[in-house]
Amino acid sequence: VARSISRRSFLRGGATLLAAPAALQALAARRAHAGRPRALASPVASPYGEPVLQRDLTTGLELIALPPDFTYRTLLWTGDPMSDGSESPANPDGMAVVQVVPGRAGDLILIRNHELSIGRRIGTSSTPIYDPTPIGPNGIGGGTTTLTFRRGELVDSQASLAGTAINCAGGPTPWGSWLTCEETINDGTVFRSLVHGFVFEVPAPSLGPASAVPITDMGLMKHEAAAVDPRTGFVYETEDATGHSGFYRFRPNDTNGRVGSLEAGGVLEMLRVVGQDGADLREPLPGDVHTVDWVPIGEPGYLPPEAEGQILYDGPSGPYAQGLDLGGATFHRLEGCWYDAGSIWFTDTTGGANGNGVVWRYEPSGDPAAPGMLEAFFVAESAAASNNIDNLTVSPRGGILCCEDGGTADGVRLVGFTRDGASFPFAINQVRLTGGVPGKPGIAALDYRSFEWAGACFDPSGRWLFANLYRPGITLAITGPWARGPL
Amino acid sequence: VTSRALALVALLALAPGAHAAFVDLDASELGGNTVDVADLGPGVLGIDPDFTTAAPMQLVIVLEPEDPVPLEWNSLVDNLTGEAWSAFSIEVSGAILAVGSRRANGGEIASLSASSQAALLEFDPLESAGFDLGAPFGMGANWTLTPSGDGPLLLRLAPVPVPETGTLASLGLGLAALTRWRRRSALS
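As they're listed, the protein sequences go chains D and S.
The first sequence begins at 11 in this note's numbering and counts up one residue at a time.
The second sequence begins at 2 in this note's numbering and counts up one residue at a time.
Note that these hints are calculated values from the structure, not bench results.
Be aware that a few hints might be false.
Stated by the list, open to error - Between beta-carbon pairs, the in silico distance windows are:
| id | chain 1 | residue 1 | chain 2 | residue 2 | range |
| --- | --- | --- | --- | --- | --- |
| 1 | S | Ala119 | D | Asn266 | 49 to 57 Å |
| 2 | S | Gly101 | D | Leu456 | 38 to 46 Å |
| 3 | S | Ile110 | D | Ala394 | 53 to 61 Å |
| 4 | S | Gly150 | D | Gly95 | 33 to 41 Å |
| 5 | S | Pro43 | D | Thr69 | 49 to 57 Å |
| 6 | D | Asp377 | S | Met140 | 50 to 58 Å |
| 7 | D | Ser135 | S | Gln118 | 55 to 63 Å |
| 8 | S | Asp125 | D | Ala394 | 29 to 37 Å |
| 9 | D | Pro112 | S | Gln59 | 50 to 58 Å |
To be verified - Computed list of chain D residues with no C-beta within reach of chain S, every gap over 12 Å:
| id | residue |
| --- | --- |
| 10 | Leu204 |
| 11 | Arg241 |
| 12 | Ala274 |
| 13 | Gly297 |
| 14 | Ala351 |
| 15 | Val447 |
| 16 | Ala487 |
| 17 | Ile488 |
| 18 | Pro491 |
Using N, Cα and C, we set each Cβ at its ideal position, and we do this for glycine too.
My request is simple: use the sequences and hints to build the entire structure.
Given below as structure tokens:
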């Protein structure tokens, strides 16, 4: 039986994950306070104003709708040449600013995932690679790219990890790296390749190249996203397996918080509702609050027999099955995951009675052995309120922003949340390239408005929002008068 | 990219021990904002203001007799106010201003009007992130100040924020109410 515990404020002041100039601390301190969880059938009006179609300051094309006085620039399109001589890969997905380079320019280092499976390997012969297995003329085509953004423009771009598969989302670490998550379970027998379904660490360039070593103790599953609690070093993980997803906590053996420390292994655990073994959390009501703890996963790398020889396995993962046996809770399809100010926020993209999505908030108790609190912060009652929210981020001001994954024909949205938990449209995908794009022959002439947003993330100053349009594969930088609303 | 990075490194390498003018922060008025000042070599200053408020800042620049003139300077201006700027004004006294390169970060510079004492950058689209003046990364031309007397050089930097729609509406309602009140007062 779920029991209520006292609610705490929605968003509280606190340090950002990344070091920010002292002058920016005031931004983080401007967080607003508690609101009530909401279930809404329709969004509220945007506090920033209705999004209107605006031109890209790089190409002059009208690609997205943004609130008045906001601007954007496209940084990279699929097929654009990168600084290392390779082409910008397709399907940019999860992304984060992982480092602010010390110095006058304050360069921002972004790392992007590319959700690709079999195809041309990304990068060059010097790109760190996990699985070099040739598959015909191709190979395992997923991986990451690392971008350097300086004061409104892209100044460097490199492939940073190759030979991984279906790199969906991931998460930044407080020590300047990116955890990239493979959203697949593949034992490698079909292509005589390596096993896929792991998390890898990719550091900012100043911290060295990626080791390309899987962090196997974080589990073999369809990983989606990861968030590090900087107070404990614990990593929270979401699983994107339709109908049988778990929410996990990884307690690393080495809690020093440095590049490579997670590769020393640790303990994987799955969330359980106290007093309600096997709780089904796929259709929560708004405001549901549960007391939760964790059950250990004995063999995080366990491959279920049903998954052997499969390349598109979507059944229960080994960690999920073990956790369920010990009373772990089930979600529908977990996606984005983000740490902010003592809470871990995550989404269930098809959660809720109508399957339109749920935003959950987990608040650790402070004692790793003591139960924490799980709250259904937002439950969408219609696609208009939010259509399958996916990646999630929290701005330095404490505002929540989600990427929609629903195939809305007239434009998929970036959805923000007001302080009291109501959704509003912040930006709308309006990419209609039915005539193609001059100078970009690799971009097919199509209407792309129904494709998802991904990888939304802010820089530590809160001035820049970066996001990906998954198809045709565009990375954008957005700025504007953020103080007019909660983001 | 590489040449820009190398140029920056080269400029910074000159800094230790180099002689140059300086900004007297004790005598300056920052309006609640902050500024980082870097000695980029003989006669070259890096002046990087961070605006967290819309209040202007006035910097007092001190030149010494052996300083080369004109004084070159470049700036990385950060807009941390959370609001959009429609323009940015630069005024000087005690010196003649000569403009150099400029580049918007988030918007675009629609126009630059300048005299020997002032410059006004107008943004369209609006600027919410910041902008660069001069050649902070080695590309372009620095701005310069040529002393016109023996007094201190004053550099006044002032953003021009855009009131948000709600503020404009409130202002309009306020003005309308004021007009009605004045009419009623006049009638009575």
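Going down the list of hints, with the structure as the test:
no. : hint                             : verdict
1   : S:Ala119 to D:Asn266: 49 to 57 Å : holds (54 Å)
2   : S:Gly101 to D:Leu456: 38 to 46 Å : holds (44 Å)
3   : S:Ile110 to D:Ala394: 53 to 61 Å : violated (39 Å)
4   : S:Gly150 to D:Gly95: 33 to 41 Å  : violated (55 Å)
5   : S:Pro43 to D:Thr69: 49 to 57 Å   : violated (42 Å)
6   : D:Asp377 to S:Met140: 50 to 58 Å : holds (54 Å)
7   : D:Ser135 to S:Gln118: 55 to 63 Å : holds (58 Å)
8   : S:Asp125 to D:Ala394: 29 to 37 Å : holds (34 Å)
9   : D:Pro112 to S:Gln59: 50 to 58 Å  : violated (29 Å)
10  : Leu204                           : holds (34 Å)
11  : Arg241                           : holds (27 Å)
12  : Ala274                           : holds (34 Å)
13  : Gly297                           : holds (30 Å)
14  : Ala351                           : holds (19 Å)
15  : Val447                           : holds (21 Å)
16  : Ala487                           : violated (8 Å)
17  : Ile488                           : violated (9 Å)
18  : Pro491                           : violated (4 Å)
Comparing the model with each numbered hint stated earlier shows that hints 3, 4, 5, 9, 16, 17 and 18 do not hold.
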